[in-house]
Structure formats: structure tokens, C-alpha cells
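Visitor: Sequence:
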Amino acid sequence: MDALTALHSRVSVSRLTDPAPDQQTLNNLFKAAMRAPDHGLLRPWRFLTVQGAARERLADIFVQATLQDEPDITAAKLDKLRGKPLRAPMIIIAICSPKDHPKVPVLEQQLATGAAVENMMIAAHAQDVGAIWRTGPMATHETVTRALGLTGPESILGFIYLGSIDGPRRPLKEEDFNDYFQDW
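Add 108 to a position in the sequence shown, counting from 1, and you land on the number used in this note's numbering.
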């Protein structure tokens, strides 16, 4: 798929199933991430890949974090929460790992990390891999970030769910870009 077609047709895919992307497909995603705009070439990111039994361990962390905040949560809500990391055969956790730099503020480094994620999303689409970028309260929960080994100023910018597309894709909604761009 050529670049413009991938950019113009990418949609998030929430219904994902096995198999997870193979190693060559993942390598293409990882290479795409490394081409993101990055002032100072700081590479202010790192990524954790989660698949197989590691998804269940991530689910346990989500449950532990939630129980700290909501000790009276219902069993049904806990079951739903436990199922979240199991919605796809693979998750890539995007972490902004900002570097001290006199000319590149943390916000710019977070944006660079977001651009790396978007590059992976487009690369996934171009290879016919389903992907959806999610955040939610687990992305900022101290129990989760600590269990995943984040340190200092690091932050989770998203959980990227990847897998084979299960069912039809959402139809593209054509947006009128003129509603969002104007001369100044």
C-alpha cells in the first residue's frame, strides 16, 4: 500500500483476534516508529510488547490498581477489567521517556512519542494488521506505571492493541478538512 493510501484510509480496529503480527511485520512497525519527527534526535520513547501470558499479568496489574481505588467494585466490573488486555493477541505499551535538554521541552518529546505511535498505526494498517490506540485510567495509575517499570518523568502515552482483523472494518467517514483549516 502506498503512503497516501495508508494515510487516507487508516481507521482504528477494535475487534482483533489471533494471530498477533509476525516478527517481520513487527520489525516494520518498529522501523516506522524510529522515523517519527524527533527534535534533537533524543528518541524520547520506549515500548513494551505484551503478548501471551504477559497479557494476563497485565490484567492482574489492572485489577490490583482498580481494587486500590474501588475496593467495593463488583465482580462483573472486575471481570470486564480483567478482559481488557485480552482483547487482542498483542499490546505495545508506548512510554514517553523524556530526556533533559535545554531546547526540547517535555511536551515536544511527548508529541514525538505520539508521532512514533502514529507511524506504527499507519504501518500496521499498510500491512493489513488491525490496531487501536487506547489510554484510559490505567495509563496514568501509579500502580500500573510502577509495575511496568516506569521511572522518574516517564509516562504511558497509550496501549496499542494489535492483531488480525475480526470482522468488517468500520466504514470511512469522509471529513471536510476545510472545516479545520483556514488562512490566517
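Everything labelled a hint here was simulated from the structure, so no lab data went into it.
Owing to the predicted nature of the structure, the values given are computational and were not obtained by experimental measurement.
A few of these clues could be false.
Okay, derived cross-link-like pairs now, DSBU-like style, lysine-lysine, Cα gap no bigger than 35 Å in a straight line [unchecked claim]:
| id | residue 1 | residue 2 |
| --- | --- | --- |
| 1 | 281 | 211 |
| 2 | 139 | 192 |
| 3 | 281 | 207 |
| 4 | 139 | 188 |
| 5 | 281 | 139 |
| 6 | 211 | 139 |
| 7 | 139 | 207 |
| 8 | 211 | 192 |
| 9 | 281 | 188 |
Here are the simulated distance ranges between beta carbons [as the list claims (entries may be wrong)]:
| id | residue 1 | residue 2 | range |
| --- | --- | --- | --- |
| 10 | 259 | 285 | 22 to 30 Å |
| 11 | 109 | 209 | 43 to 51 Å |
| 12 | 142 | 243 | 32 to 40 Å |
| 13 | 145 | 110 | 42 to 50 Å |
Idealized CB from N, CA, C, for every residue including glycine.
Visitor: All the hints need checking, so say for each whether the structure fits it.
Guide: Comparing the hints with the structure gives:
1. 281 with 211: violated, 39 Å
2. 139 with 192: holds, 27 Å
3. 281 with 207: violated, 38 Å
4. 139 with 188: holds, 34 Å
5. 281 with 139: Holds, at roughly 29 Å.
6. 211 with 139: Given that 35 Å is the threshold and the Cα spacing comes to 26 Å, the pair holds.
7. 139 with 207: With a Cα-Cα distance of about 21 Å, the restraint between residue 139 and residue 207 holds, given a limit of 35 Å.
8. 211 with 192: The given pair, whose Cα atoms are some 39 Å apart, is violated under the 35 Å limit.
9. 281 with 188: Holds - the C-alpha atoms of residue 188 and residue 281 are around 30 Å apart, at most 35 Å.
10. 259 with 285: 22 to 30 Å: violated, 40 Å
11. 109 with 209: 43 to 51 Å: violated, 35 Å
12. 142 with 243: 32 to 40 Å: Roughly 22 Å apart at Cβ, these two residues miss the hinted range, so it is violated.
13. 145 with 110: 42 to 50 Å: Violated, since residue 145 and residue 110 (Cβ atoms, about 21 Å apart) do not stay within the stated range.
The structure fails to meet hints 1, 3, 8, 10, 11, 12, 13 from the earlier list, while all remaining hints are met.
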